[in-house]
Amino acid sequence: MEETNSAKLENASTVEEVLDTRTPEEIEKDLLEQEHRAAIDAVSKRPVEEIAAQFFAIVYPMFRAKLQGLMAKDAKQVIDALIAFPIEMQNPTFRNEVSEQVFSLGTRLLDAKFIMQQAVELDKTIQAEKQESSNTEAVQDVLNAVETNFEQGENANG
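The letter at position 49 of the sequence shown is residue 34 when you use my numbering, and the numbering goes up by one with no holes.
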């Protein structure tokens, strides 16, 4: 940023090119956009499963508290909708806005949980492949040793 500003100063031919002629609102808007981009960049550098786990840890207590605050009939309806959505039920309707909010939180929690489970499965697959590769290398080493011993025996027996 400093290099850009100094380059502008060196190449400026008029005062207007040097001065910042933006309004305070425009400057504030630009700063907020820069903050927003910086926040997105910071989050995007983290693994998705880590973000999902953090989201789950933050949102689950809210979901649970709101679900327990519902009447039994509404809570059952939300749970049924979470299980059936989107396969058996496309657009669930609820009797009140709180139930809709709980359902929305629940779907997001299920998405986060799915991401975490996929990450665990991927880690298991990678570990299994590493183990298989290691086992294959060990078997190859044994075969090479046996072949070398066999060749040495043949050479010795002539």
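To be clear, the hints were calculated from the coordinates, so they are not data collected in a lab. It should be emphasised that the depicted structure is a prediction, and the values quoted were computed from it without experimental measurement. Misleading hints may appear alongside valid ones.
So the derived label-pair ranges between C-beta atoms look like this [to be verified]:
(1) Q75 - A24: 32 to 42 Å
(2) N76 - K98: 36 to 46 Å
(3) K58 - L107: 58 to 68 Å
(4) P46 - A23: 39 to 49 Å
(5) K58 - I36: 30 to 40 Å
Cut-off 30 Å, straight-line C-alpha distance, at most; resulting in silico cross-link-like pairs (BS3-like, lysine-lysine) [stated by the list, open to error]:
(6) K51 - K115
(7) K51 - K98
(8) K14 - K30
(9) K98 - K115
(10) K51 - K61
By construction, the Cβ of each residue, glycine as well, lies at the ideal position given by its N, Cα and C atoms.
Verdict for K58, I36 (Cβ pair) under range 30 to 40 Å: About 35 Å separates the Cβ atoms of K58 and I36, which means 30 to 40 Å holds.
Pair hint outcome, K51 versus K115 [Cα-Cα no greater than 30 Å]: violated, 44 Å
P46 paired with A23, Cβ distance criterion 39 to 49 Å: violated, 29 Å
Beta-carbon spacing of Q75 to A24 - inside the hinted bounds 32 to 42 Å or not: Given about 34 Å between the Cβ atoms, the range holds.
Hinted pair K14 and K30, Cα distance within 30 Å: Distance of about 24 Å is within 30 Å: holds.
Range hint 36 to 46 Å (beta carbons of N76 and K98) holds or violated: violated, 22 Å
Given hint K98 paired with K51 - CA-CA distance at most 30 Å: It holds: about 19 Å lies between the C-alpha atoms, which stays within 30 Å.
Distance restraint between K98 and K115, which requires alpha-carbon spacing of 30 Å or less: holds, 26 Å
Pairwise beta carbon distance, K58 to L107, judged against the given window 58 to 68 Å: violated, 40 Å
Restraint check for K51 with K61, where alpha carbons must lie at most 30 Å apart: holds, 13 Å
Comparing the model with each numbered hint stated earlier shows that hints 2, 3, 4, 6 do not hold.
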